[in-house]
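S.K.: These are the residues of each chain, in order.
2 protein chains.
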Amino acid sequence: MNKKGLAILMRTKMRPSSAFDPNKVLSPPSTDEAKRMAEESEEKHSIERSMKHAVTGENSISSHKLLGSDNTGREIQRVKESMHSAISLNKTDVLDDVLNDFSEGFYSLSHENRRELLLVLAKDHDLNRIQVRELMKQYLDLELPSGNKGERDIEEEGLLSTFYRMEKNLRHALKPMYEVLFERLNTHPGGLKFLSVLRADILSIIENENAASLRALDSYLKEKLITWLSPASLELHRITWDDPASLLEKIVAYEAVHPISSLLDLKRRVGAGRRCFGYLHPAIPGEPLIFIEVSLMKNIAKTIQEVLWDDPPLPECEATCALFYSISSTQPGLAGINLGKFLIKRVIELVKREMPHISTFATLSPIPGFMKWLLSKLAYQLKFDEAETSEVSDSLKESAAAAFKENILEPEEEGVLINSFRESAAGKSGMEVLWNLLKSTNYEWTKSDALLQAIKPPLMRLCARYLLKEKRRGKALDSVANFHLQNGAIIERLNWMADRSEKGLAQSGGIMVNYIYMMDSIEENAQTYFSTGHINASFDINGIVEQT
Amino acid sequence: MNKKGLAILMRTKMRPSSAFDPNKVLSPPSTDEAKRMAEESEEKHSIERSMKHAVTGENSISSHKLLGSDNTGREIQRVKESMHSAISLNKTDVLDDVLNDFSEGFYSLSHENRRELLLVLAKDHDLNRIQVRELMKQYLDLELPSGNKGERDIEEEGLLSTFYRMEKNLRHALKPMYEVLFERLNTHPGGLKFLSVLRADILSIIENENAASLRALDSYLKEKLITWLSPASLELHRITWDDPASLLEKIVAYEAVHPISSLLDLKRRVGAGRRCFGYLHPAIPGEPLIFIEVSLMKNIAKTIQEVLWDDPPLPECEATCALFYSISSTQPGLAGINLGKFLIKRVIELVKREMPHISTFATLSPIPGFMKWLLSKLAYQLKFDEAETSEVSDSLKESAAAAFKENILEPEEEGVLINSFRESAAGKSGMEVLWNLLKSTNYEWTKSDALLQAIKPPLMRLCARYLLKEKRRGKALDSVANFHLQNGAIIERLNWMADRSEKGLAQSGGIMVNYIYMMDSIEENAQTYFSTGHINASFDINGIVEQT
Chain Y
1 MNKKGLAILM RTKMRPSSAF DPNKVLSPPS TDEAKRMAEE SEEKHSIERS MKHAVTGENS
61 ISSHKLLGSD NTGREIQRVK ESMHSAISLN KTDVLDDVLN DFSEGFYSLS HENRRELLLV
121 LAKDHDLNRI QVRELMKQYL DLELPSGNKG ERDIEEEGLL STFYRMEKNL RHALKPMYEV
181 LFERLNTHPG GLKFLSVLRA DILSIIENEN AASLRALDSY LKEKLITWLS PASLELHRIT
241 WDDPASLLEK IVAYEAVHPI SSLLDLKRRV GAGRRCFGYL HPAIPGEPLI FIEVSLMKNI
301 AKTIQEVLWD DPPLPECEAT CALFYSISST QPGLAGINLG KFLIKRVIEL VKREMPHIST
361 FATLSPIPGF MKWLLSKLAY QLKFDEAETS EVSDSLKESA AAAFKENILE PEEEGVLINS
421 FRESAAGKSG MEVLWNLLKS TNYEWTKSDA LLQAIKPPLM RLCARYLLKE KRRGKALDSV
481 ANFHLQNGAI IERLNWMADR SEKGLAQSGG IMVNYIYMMD SIEENAQTYF STGHINASFD
541 INGIVEQT
Chain Z
1 MNKKGLAILM RTKMRPSSAF DPNKVLSPPS TDEAKRMAEE SEEKHSIERS MKHAVTGENS
61 ISSHKLLGSD NTGREIQRVK ESMHSAISLN KTDVLDDVLN DFSEGFYSLS HENRRELLLV
121 LAKDHDLNRI QVRELMKQYL DLELPSGNKG ERDIEEEGLL STFYRMEKNL RHALKPMYEV
181 LFERLNTHPG GLKFLSVLRA DILSIIENEN AASLRALDSY LKEKLITWLS PASLELHRIT
241 WDDPASLLEK IVAYEAVHPI SSLLDLKRRV GAGRRCFGYL HPAIPGEPLI FIEVSLMKNI
301 AKTIQEVLWD DPPLPECEAT CALFYSISST QPGLAGINLG KFLIKRVIEL VKREMPHIST
361 FATLSPIPGF MKWLLSKLAY QLKFDEAETS EVSDSLKESA AAAFKENILE PEEEGVLINS
421 FRESAAGKSG MEVLWNLLKS TNYEWTKSDA LLQAIKPPLM RLCARYLLKE KRRGKALDSV
481 ANFHLQNGAI IERLNWMADR SEKGLAQSGG IMVNYIYMMD SIEENAQTYF STGHINASFD
541 INGIVEQT
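Quick mapping for you: the protein sequence lines, in order, are chains Y and Z. 1 is the number of the first residue of the first sequence in UniProt numbering; add one for each residue after it. 1 is the number of the first residue of the second sequence in UniProt numbering; add one for each residue after it.
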């Protein structure tokens, strides 16, 4: 290929950038819908899920629907039998075959059949409660050791060994039978990956129905996965242009924060002035479980454009800041297992060692839940106004609801907004004006400097409020904020018009945030956040919120 | 360095070959001693321990005695406190420091102080029995779900979720508190290695005293290590001359079957016509947990000399047999965790794939317990004769003991033996002659063809009997035999004068054995051996034993 041909190839768009559908977020919600949306956005609390919009993995339920289209009852019966064998057989020459049969059979099942199979696994291969109760009764009959020292030591040793033995038996009896299947799959080639797919399916089922047995199955499998994926068993790998195409392909497929547009874009992200690190597990070769992209910069970037298009990049020796601008998980089945925390810590250590001139470790992060939260908040408040004008609400409802009524705009902000949009704002409240502006998918307001100036103060202030004050179960409502805060970062700065891409505008009105990792205080911040929910933020951001 | 200088360096002896002390085995035992020896040799049932005579690891107790010599009470108090903090602290910025303090402090302690500390860990950081009993009482108060289907489904879901929740709580309450320490160390740099050293210490303590709490500690730690060291988390690495010297050094240090004599020897073992594979764990880089040495041959070797000195090696394309001639574990703290089985299976698969012309997978293995068993057997029988001639035994003892009396030589073998050693055998029994021959450490009998011919039939027969019939708890008494049999191998052939080294003569009178791995029947053999103790052997070997 000649030079020109290569240049064209390198710049060819890799996939449509419309994988993210802003309409899903911006369709005008009713009050009920708004509530549901708010709940939903709170539900998706884990970084892994919120970061993975586009790709769900080649083995997920949906991609196998076709294969499963000719499933009859026979098919699932066969898979059930191989599952049963995989649990009950002693180790024989056929065990490997049985495990293969089971996993291949499972992949070929339809969503409905997978659900049925998982319910069988959860219910019929649970623990033996009768045996557990019998052991407990025996245990309770034992007298507790007195704890006296001295001549009774030997006697006590004997009594203790009875305790140890019975406690060991109880631990084993309390393990569900499906643990055997998990353990066997874990040592089987391809088994760990399969378990991650299995869990992704369980998660997608319990999102829609409340099955206690499946929740217990999920909780148990999650605990096992956490053990197997301990950081000690993960290898930190620096991904470069010299890596196999099969691995680089995974980076393109799973990059969920700032989609990779072309080969050239990919090459830059793993080239000079950048770093890309992945966590690899020996049992899942050539596919990082999670990866992070870093840009070496002079200062903490204020917009994603300067990160993605700093052409040519800064000479590495001049950098003083390592900016984490993307972190993506590749396995939906590992949701809730925080590998990112260890990855970030190890990357910081490594960069510090290799480049002592770098002293600042920061992120430029999306705020994926801001616009959803704001729109549902606006919609909820507008319902009150509607109810008031139409006078259909009875007084009881009204008085109960009044407690939740709030003008989320400051008087000054409201004035500027109504002034700036005079023609369309006639007779409307500031919140209505804001709602109309934000819900439209052509982002008219971003195309005029005057409109931008009018909308900036309320949006920046509400965004700071969202990040610092909006919580669920004592933790930050925004999934990415929660992720970095629990890792020990602090909120440093909000950046206006930092991501003008459709996705950036739809998620957060184009605002992005810098989190900062200060090595000296990472663990202390994480600890405070964990125990009290306190969110550490810079003086400036605290100021924006407190002006309210 | 010139060529000649290099040649000298490559041939320089790496360490004295006297690391194995034959006197320890061959000192004439009294009856009691013989019994104890037999028990001891049975105790050391794990391949890891029996294979590790020479090196016990740089962090073992003994090598740190010097460091601990100035230990006062203060020193152990400090380590105790850091251990306590490592368990009880919530995750804070100091946790890493605390774990470092604890492991460094532990390394610096004397054997006696380590013992004290481990007892504190086992006893004071055990589980909370009062809480466990409380939870059990609550659990037993619950009514078991009826298992009826139909309209009560929803009610049952609710009841089940109570069961799931309480069972989860019980599982957690039944975990000893020291699990926290193990888990934290596992995710701490250097922690997995430290845990392996910790377990090696526990094992060396419970070998000498019966402490139920330490046995429980060991059993729990072993279970955790088995999970963390699942084959899925281990990387199979082919070790070559291109590997770092720091890794190759480990091979020299830990090769316990056939010590590596010089750099040239090492280079051959990882060069053409050979293979060396190690299992590496990401958390213990540059140090295989276990490694295996393979020679590519035309036929199954009959002597170790032809394996170690086949100069030049066979062209690899002409090989039809992969001969495993050494397998060594580097971590005494992983005793009883069978990594070798998975290693052998994976190596067979890999070699088969890379070299389809290789169809035989066999070993040339030592028989480490044979001479010990035979000498204790002879000593035991000779005590009877002594008792008879000195007439000191009372009749009760005699009649009870008579049941165990046995001439372990065939009449024909006895005749030949007495004939061959006429001058020294005057008035002696065949067993006495044999005892006198075998107990001497100059191996006179190996220096004359006539003597070799006379001693060969009884030694070969008794060796076959030892391998096929002598068991402990239903498993082969010989540790290496037990290892290969539980992996699914069969006993193929005994080889006379296969290892004439001092170590080979001392362990097994120079006899070595070939085990064969047949891919089709590995799992079946392993299963039969596991469930019935049946030892699969070739027609020939079965014949030798049955001629009795």
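The hints are simulated quantities; they were obtained by calculation from the structure and are not laboratory data. Take the hints with a grain of salt, since some may be wrong.
If several chains are the same, the list does not tell them apart, and a pair holds so long as it fits within one copy or across any two.
Stated by the list, open to error - In silico DSSO-like cross-links for lysine-lysine, where the CA-CA straight-line distance does not exceed 30 Å: (1) K345 with K80; (2) K224 with K3; (3) K475 with K168; (4) K168 with K471; (5) K383 with K428; (6) K137 with K224; (7) K13 with K439; (8) K341 with K168.
S.K.: What hints, given by number in increasing order, does this structure fail?
M.R.: 2
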